[in-house]
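Count along the sequence shown from 1, add 149, and you get the number used in our numbering.
Keep in mind that the hints are not guaranteed to be accurate.
As the list claims (entries may be wrong) - Below are the EDC-like pairs computed for lysine to aspartate or glutamate, each with C-alpha atoms no more than 20 Å apart in a straight line: (1) Lys297 to Asp256; (2) Lys439 to Asp382; (3) Lys240 to Asp295; (4) Lys240 to Asp365; (5) Lys324 to Asp256; (6) Lys380 to Asp365.
Simulated from the structure, these hints should not be mistaken for lab results.
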Amino acid sequence: MATIKGTWTQVYQAQSLQRSSQTLSAIGSLALIFGGELRPREPRDNDVHIIDLVPTSRDQDAQEATLRSYVKTSDSPIARVGTASAVVDGKIYYFSGRGGVDMAPIDERGQLWRFDAGGTGWHAISPTNYSRPVPEPRSYHCMTSDGKNTLYLHAGCPTSGRLSDLWSFDVNERKWSQLTSAPGAPRGGTSITFSGGKLYRMGGFDGNHELGGEIDIYDIASNTWDTHTFKPDGKGGPGCRSVGSLLAVSVHGRPSLITAFGESDPSSLGHAGAGNMLPDAWVWDVENQKWSKIIGEEGGEVPQARGWYAADAMVVEGKECIIVQGGLAEDNQRLDDAWILNF
150 MATIKGTWTQ VYQAQSLQRS SQTLSAIGSL ALIFGGELRP REPRDNDVHI
200 IDLVPTSRDQ DAQEATLRSY VKTSDSPIAR VGTASAVVDG KIYYFSGRGG
250 VDMAPIDERG QLWRFDAGGT GWHAISPTNY SRPVPEPRSY HCMTSDGKNT
300 LYLHAGCPTS GRLSDLWSFD VNERKWSQLT SAPGAPRGGT SITFSGGKLY
350 RMGGFDGNHE LGGEIDIYDI ASNTWDTHTF KPDGKGGPGC RSVGSLLAVS
400 VHGRPSLITA FGESDPSSLG HAGAGNMLPD AWVWDVENQK WSKIIGEEGG
450 EVPQARGWYA ADAMVVEGKE CIIVQGGLAE DNQRLDDAWI LNF
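Build the full structure now, drawing on both the sequences and the hints.
This is the structure:
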């Protein structure tokens, strides 16, 4: 089994960050956390909690990172669980999720919410043409972007069942386009990321069991999918999982994907309980299509196993890394920490 060394560092911990099924989006040195629940099926708040990993001034006796919150206003979206987010041009876009008294998928008729951390706050972004098809409302879906002008929305849980559809949204033209659906079983809790003109998808839950052993690759230019298979045995590659993450970063100068943690078996209590959570993290070399297990420094701290957490790739003081925040532990407790992994 190939391995690669990585270093985990806890960068913050706060009671206000205790939650699962939230999102985290990175903009520069800022990690912006939105949504989630402290108790099952009860959205915690609709504030935006912002961790600054490179504050302008540092107290020698305090944590290096700082935390502040953008408290809800009359323009804020309703509180929600299981939403998805992606960043374009320094602004975060969110789509749907569960909310309201009955915790049903929030139907906003194809509308997204945009959050501008630069000071203008929340804006509702509606499609320009409502005669065109729009994605149906859903939760536990995933989003990514090309970093320029296009969002990609995939899968998730509508009012009943699960989805395998793929949509793009042009943020300049405010137009949805339906693309070729992904292969394999419809699923929730899957992960998707963008790298080098392609989308990469892995994992998820199909209603019966966690999925694995495949990385599905969508070529944006040709609107087609291909599938790379591997043994999900914890040796040749990561085991089957859902509600984890898949993030594109450069590792030692090589285009790579990182997956970490997640749930390997669902709880018998469904959404009200915690299943078996995984403690591992892996790097996939995009060019060589090979997995390496991430091994921490001997004696170093590592995050506890978790699923239903939030994560993103970011650059801190010139170094690419990933950040992992909160989530659900195996004892069914919500976590309140934030960690970065670098190489």
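*Given the proposed pairing of Lys439 with Asp382, does the C-alpha separation stay at or below 20 Å?*
holds (14 Å)
_Run the distance test for Lys324 versus Asp256: straight-line Cα separation, threshold 20 Å._
holds (17 Å)
_Given hint Asp295 paired with Lys240 - CA-CA distance at most 20 Å_ = holds (13 Å)
*Sort out whether Asp365 lies within 20 Å of Lys240, counting only the CA atoms.*
violated (27 Å)
*Taken at face value, is the distance from the CA of Asp365 to the CA of Lys380 at most 20 Å?*
Holds - the C-alpha atoms of Asp365 and Lys380 are around 14 Å apart, at most 20 Å.
*Is Lys297 close enough to Asp256, meaning Cα to Cα at most 20 Å?*
Roughly 27 Å separates the two Cα atoms, so the pair is violated.
Of the numbered hints given earlier, the model fails hints 1, 4; all others are met.
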